[in-house]
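Chain order of the listed sequences is A and B. Mapping to numbering that gives the first Met the number 0: the first sequence position 20 is 19, numbers consecutive. Mapping to numbering that gives the first Met the number 0: the second sequence position 10 is 9, numbers consecutive.
These are computed hints drawn from the structure, not numbers from a lab. One should not assume that every hint holds.
Unchecked claim - One-sided and incomplete, this derived list gives chain A residues near chain B with beta-carbon spacing under 7 Å:
(1) 29
(2) 89
(3) 121
(4) 124
(5) 128
To be verified - Partner residues are not named here, just some residues of chain A that face chain B (Cβ under 7 Å, in silico):
(6) 50
(7) 52
(8) 87
(9) 92
(10) 109
(11) 129
Said to hold, decoys possible - Listed next, with one range per pair, are the computed distances between beta-carbon atoms:
(12) B:62 with A:59: 28 to 38 Å
(13) B:130 with A:40: 49 to 59 Å
(14) A:37 with B:124: 12 to 22 Å
(15) A:58 with B:124: 25 to 35 Å
(16) B:78 with A:1: 40 to 50 Å
(17) B:20 with A:1: 39 to 49 Å
(18) B:40 with A:66: 47 to 57 Å
(19) B:156 with A:30: 19 to 29 Å
(20) B:62 with A:121: 32 to 42 Å
(21) A:163 with B:25: 26 to 36 Å
(22) A:130 with B:9: 16 to 26 Å
(23) B:168 with A:157: 52 to 62 Å
(24) A:112 with B:6: 15 to 25 Å
(25) B:142 with A:17: 43 to 53 Å
C-beta: ideal position from N, C-alpha, C; glycine also.
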Amino acid sequence: MAIQVGDTIPNTVLTYAPYNPEHADVCSVPQPMNTHDAFKGKRVVLFAVPGAFTPTCSETHMPEYATRAAEIKAKNVDIVACVASNDPFVMDAWGKAHGVKDSVLMLSDANGEFGSAIGLVNDGTKMRMGPIRLARFAMIINDLKVEYLGVEPARGVTVSGAASVIAKL
Amino acid sequence: MTIKAGDEFPQVQLKYIPFNAANPDACLSPQVLDTKKDFAGKKVVVVGVPGAFTPTCSAQHLPAYVAKADEIKAKGVDLIVFTSSNDFFVLSAWGNSAGVKDKIIMAGDANGDLGRATGLSMDFSKFGLGPQRLTRFAAVIDDGKVEHLFTEPDPSDVTVTSADNLLSVL
Numbered sequence: 000m001a002i003q004v005g006d007t008i009p010n011t012v013l014t015y016a017p018y019n020p021e022h023a024d025v026c027s028v029p030q031p032m033n034t035h036d037a038f039k040g041k042r043v044v045l046f047a048v049p050g051a052f053t054p055t056c057s058e059t060h061m062p063e064y065a066t067r068a069a070e071i072k073a074k075n076v077d078i079v080a081c082v083a084s085n086d087p088f089v090m091d092a093w094g095k096a097h098g099v100k101d102s103v104l105m106l107s108d109a110n111g112e113f114g115s116a117i118g119l120v121n122d123g124t125k126m127r128m129g130p131i132r133l134a135r136f137a138m139i140i141n142d143l144k145v146e147y148l149g150v151e152p153a154r155g156v157t158v159s160g161a162a163s164v165i166a167k168l
Numbered sequence: 000m001t002i003k004a005g006d007e008f009p010q011v012q013l014k015y016i017p018f019n020a021a022n023p024d025a026c027l028s029p030q031v032l033d034t035k036k037d038f039a040g041k042k043v044v045v046v047g048v049p050g051a052f053t054p055t056c057s058a059q060h061l062p063a064y065v066a067k068a069d070e071i072k073a074k075g076v077d078l079i080v081f082t083s084s085n086d087f088f089v090l091s092a093w094g095n096s097a098g099v100k101d102k103i104i105m106a107g108d109a110n111g112d113l114g115r116a117t118g119l120s121m122d123f124s125k126f127g128l129g130p131q132r133l134t135r136f137a138a139v140i141d142d143g144k145v146e147h148l149f150t151e152p153d154p155s156d157v158t159v160t161s162a163d164n165l166l167s168v169l
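Chain B on its own, in the form it takes in the complex (with noise of 0.2 Å):
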């Protein structure tokens, strides 16, 4: 069953490295991100990528999510999340590769379970990056609940998801 507007996003955890400001270099200690404690009376944007450090989401997709930012929040969005299939020590890497320092937060479903719970999930065998990975999709979740759901129907390419669509309808 795939997830819509006007579900309960659901509750599963993710993995991410926090940004370390006083020394950028050095890696915190991994932390639990929780879809629904941390989500809580919080507006958020979830942005799902198949794949960190891949064509399309490296040189379309994050960066202009790190360029627009501080643009999203300025609209009323607690916290920006990127998240694909991948762990979260690549998440990282590819975060830092990219520039997001705190501005977003780069968390890791490699267990699966938020392509499990939600749906968003689809085989990428043929790209080379296997059976189970979640797809391109962005979400406006508030409170909790979907507020707006956006699935790219091909996945290769960045057009509803992207952060001037999103911006349009926050």
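Here chain A stands alone, though its shape is the one from the complex (with noise of 0.2 Å):
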């Protein structure tokens, strides 16, 4: 059963390589990040894309919250995050291409924790993207309860985009 706006976001291992100014181009070992220790306390955009460097993900969905992380971050929201069923390292590479720097978390959920916790996967084995995969969606999450939760019905960015997340900040 998926999750639904008033649950509290389960309590998983994401994985992500941490954002290194200094050495800006070199990817950094990348660490465990709890669900639950991260987010406790705080107010989180966080987006899910089907794919790193896929079409719709890297044209549309990405690119807006890229552009309008500082614009959220001023509503009130402590972190803005990305996950994706990738790796953590296509996960830095796919950040950095799009010049995130620090301004959007990068984080991997590899293992399909996550997306299964929550009931939003789907089986890509058919596109040859593998068993599991991260549905596209955005949710808005207070102290780890569900505020927000926009799953995209069909292809294309509408309820998980920027644009809507921003007008229920």
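With the hints as a guide, bring both chains together as one complex.
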């Protein structure tokens, strides 16, 4: 059963390669991030994409958040994060390709734990994308509780886009 | 069961985005690479890596093959394929960032079919990559038969799977 507004997000481990301003081109070692530890007491905008470097995600979804991250944070949001089923090295490279630096936290749910726990995954096997891929959605999470959830019903970016989220902040 | 020299290379479908010579920035439609049909009657070098955009793979493994691709093909190799457990979009982006163009087919094994069929996958969870990833290997396949197979004893290093070592056996 998929997560809903009012629910508490699951406590799972995601990974990310921390941004290092002194060595912006070099990949740092991926670190684990426990969702409850990292998000407790904070307001978080988390958007999920089916795949780094894929057309819709790269042309539409990510760039909107990258350019509007500061605007989002100005509305009482502590963290803007992107999560996908790709591994942390791929997420890091994709973030760098969009020049996000430390404005968007690029999170990896490579094991599919987070996606499975919230019930928002699809089987990408037919497309040869692997059996567990996060769906496209955006969440506003306040002290671990889901305040807003926009799950994209079809192709394209509407309720999970930066504009829709900003309207709810 | 793990594949070894002398075996038939298994038949799996990988996916890749072909290089668009006319307009390199525009993506062409993804194509299926069938490791039996597309390798028939050909000499193929297949290199498996744990992860696109990872340090060793990006700094050491792929660039050497890009630089020596022509030299490898001059020794009678028809196709060079790089593959990993990433999906084909990621492989394509990685290839673009390394200037691969059409020298190497960057094919994704996101479904894990090749890893399962060859037995060449490992648990890379402690590196943050996940429980089932292709390990680092390089194979020379002649008309479907594995002529040489090198598996890196320590997958975070590049020794026997390097382009230079492949050239020495071709």
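Q.
Taking the earlier hints as the rules, which of them does this structure contradict?
A. 3, 13 and 24
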